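Residue numbers (the working numbering), protein chains in the order written: chain A, 90 to 194; chain B, 90 to 194; chain C, 90 to 194; chain D, 90 to 194.
Certain hints may be false.
Note that identical chains are pooled: a pair holds if it fits in a single copy or bridges any two copies.
Heads up, simulated DSS-like pairs for lysine-lysine below, C-alpha to C-alpha not over 25 Å straight-line [claimed, not checked]:
#1 K107 / K97
#2 K194 / K180
#3 K93 / K107
#4 K182 / K137
#5 K182 / K194
#6 K107 / K137
#7 K97 / K137
#8 K107 / K180
#9 K107 / K194
#10 K194 / K137
#11 K137 / K173
#12 K182 / K107
#13 K137 / K180
#14 K173 / K97
#15 K93 / K177
#16 K173 / K107
#17 K194 / K173
#18 K97 / K194
It should be emphasised that the hints constitute simulated quantities derived from the structure, not laboratory data. Given the structure is predicted, the values throughout are model-derived calculations rather than measurements.
Residues per chain are reported as follows:
There are 4 protein chains.
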Amino acid sequence: MSLKDYQKQVDEWISQYKDGYWTPLEILAHLTEEIGELAREINHRYGKKTKKDSETENTIEAEIADIIFVLICLANRENIDLDKELQKHMKEKEYGRDANRWERK
Amino acid sequence: MSLKDYQKQVDEWISQYKDGYWTPLEILAHLTEEIGELAREINHRYGKKTKKDSETENTIEAEIADIIFVLICLANRENIDLDKELQKHMKEKEYGRDANRWERK
Amino acid sequence: MSLKDYQKQVDEWISQYKDGYWTPLEILAHLTEEIGELAREINHRYGKKTKKDSETENTIEAEIADIIFVLICLANRENIDLDKELQKHMKEKEYGRDANRWERK
Amino acid sequence: MSLKDYQKQVDEWISQYKDGYWTPLEILAHLTEEIGELAREINHRYGKKTKKDSETENTIEAEIADIIFVLICLANRENIDLDKELQKHMKEKEYGRDANRWERK
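This is chain A alone, in the form it adopts within the complex (with noise of 0.2 Å):
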């Protein structure tokens, strides 16, 4: 499935509801509360954080997967068409600043 795919089912799923899109700061606050849960189980499984037994036992993967979510929400909210930005993002890497910056093998 292509970004523009989900981007459109993104959208689907959320004009059912009343509330709709939220706004930016809204959307960045909840964006906010994913990082955080992705880092709590990148500290719990490579770092020194144990967990309290109250914590509920989440995945890495699904943890991204959330972030991604809230992205898409947060794109479709301002017209971002996410395929192009990331081409355009990985052609700057590929060609521009950045593709000088580490050393090569």
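Dock chains B, C and D against chain A, hints included.
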């Protein structure tokens, strides 16, 4: 382009460099930095925050692309199939726990 | 109590444990998690986000205290005198760059 | 200086300006931005991230002070007594849930 294609393209890009993938805690720190840049742009456009002259002009769309790029790096590092995870996520949204969380139109 | 006293108290608390201070990247991941919890509470109180039943009830004040605690850990780990830094920061706000950034009453 | 004194000093500073305190969602977005700047410095010093030439040189101590400043703004906005909350937090750490979470020396 599908998410699988992007994951492959990012992997080819990173494979050129000596450092290769960073550790998950380093990628997370980078992700936190990028979320911060998105927050700045959103607060600038929708909140009260003015910009200092020294702050470079970026856009919400470019910052979202930056974040997705970092998430793809993390997914690759962890052998995560983003397409599979996002489809699972969408199914949960539609039929699972969240399906009746908000009021329908 | 002064910030110096809190820094001392946190140091005494951490010194009891075998692990001691985490690495800066681990502390940062923990900080990101705590910011996420604050974001959840703020979005719950001021945004549109409703809570899932499984989510524990916390408060904005408790989350802010959590965050300051983590910042004190990081400051101790890095030998930073928070009182000195905050006073420098306040002076810059009052007489420096930011003094004329917003419209006065 | 005590936290109460800092809260008072920040309040006096903000009271000079027309805008006054931002909304909690705006303050949160600003906090997310500042955490991102701290993440950049930490990843720069302890991770693999190199700096772009365009990136200004900051320090971990200055970024921590920035974050505490924003937290004080939020606390003032919400009528939170930080000293009281931190003391409660320290007591929980010492005698409560977390007292036996990690292995003692």
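Quick rundown of the hints versus the structure:
Taking CA atoms no more than 25 Å apart as the test, K107 paired with K97 passes inside one copy only; the shortest distance there is 18 Å, against 38 Å between copies. Taking the shortest Cα distances, K194 and K180 sit within 25 Å of each other inside one copy (20 Å), while across copies they are farther apart (41 Å). Taking the closest pair of Cα atoms, K93 and K107 come within 25 Å of each other only inside a single copy of the chain (24 Å); across copies the shortest separation is 33 Å, beyond that limit. Taking identical chains as interchangeable, the C-alpha atoms of K182 and K137 lie at most 25 Å apart only when they sit on different chains, with a minimum of 17 Å there against 33 Å within one chain.
In the homo-oligomer, the alpha carbons of K182 and K194 lie at most 25 Å apart inside one protomer (16 Å), although the nearest pairing across protomers, at 43 Å, exceeds that limit. For the homomeric pair K107 and K137, the shortest alpha-carbon distance between copies (12 Å) is at most 25 Å, but the shortest distance inside one copy (43 Å) is not. Proximity of K97 and K137 under a CA criterion of 25 Å is satisfied inter-copy only: 22 Å between copies versus 40 Å inside one chain copy. In this assembly of identical chains, the alpha carbons of K107 and K180 lie at most 25 Å apart only when taken from different copies (20 Å versus 39 Å within one copy).
With identical chains, the CA atoms of K107 and K194 are at most 25 Å apart between copies only, with a shortest distance of 5 Å across copies and 53 Å within one. Taking the shortest alpha-carbon separations for K194 and K137, only the inter-copy value of 16 Å comes in at or below 25 Å, while the best intra-copy value is 32 Å. In this assembly of identical chains, K137 and K173 lie within 25 Å of each other by CA distance neither inside one copy nor across copies; the values are 39 Å within and 29 Å between. In the homo-oligomer, the alpha carbons of K182 and K107 lie at most 25 Å apart only across protomers (16 Å), although the nearest pairing inside one protomer, at 40 Å, exceeds that limit.
Proximity of K137 to K180 under the C-alpha cut-off of 25 Å is restricted to the inter-copy arrangement: shortest distance 23 Å between copies versus 37 Å within a copy. Proximity of K173 to K97 under the C-alpha cut-off of 25 Å is found in both arrangements, the shortest distances being 15 Å within a copy and 17 Å between copies. Taking the shortest alpha-carbon separations for K93 and K177, both the intra-copy value of 15 Å and the inter-copy value of 17 Å come in at or below 25 Å. In the homo-oligomer, the alpha carbons of K173 and K107 never lie at most 25 Å apart, since the shortest distance is 30 Å inside one protomer and 29 Å across protomers.
Taking the closest pair of Cα atoms, K194 and K173 never come within 25 Å of each other, the shortest separation being 30 Å inside a single copy and 32 Å across copies. For the homomeric pair K97 and K194, the shortest alpha-carbon distance between copies (18 Å) is at most 25 Å, but the shortest distance inside one copy (40 Å) is not.
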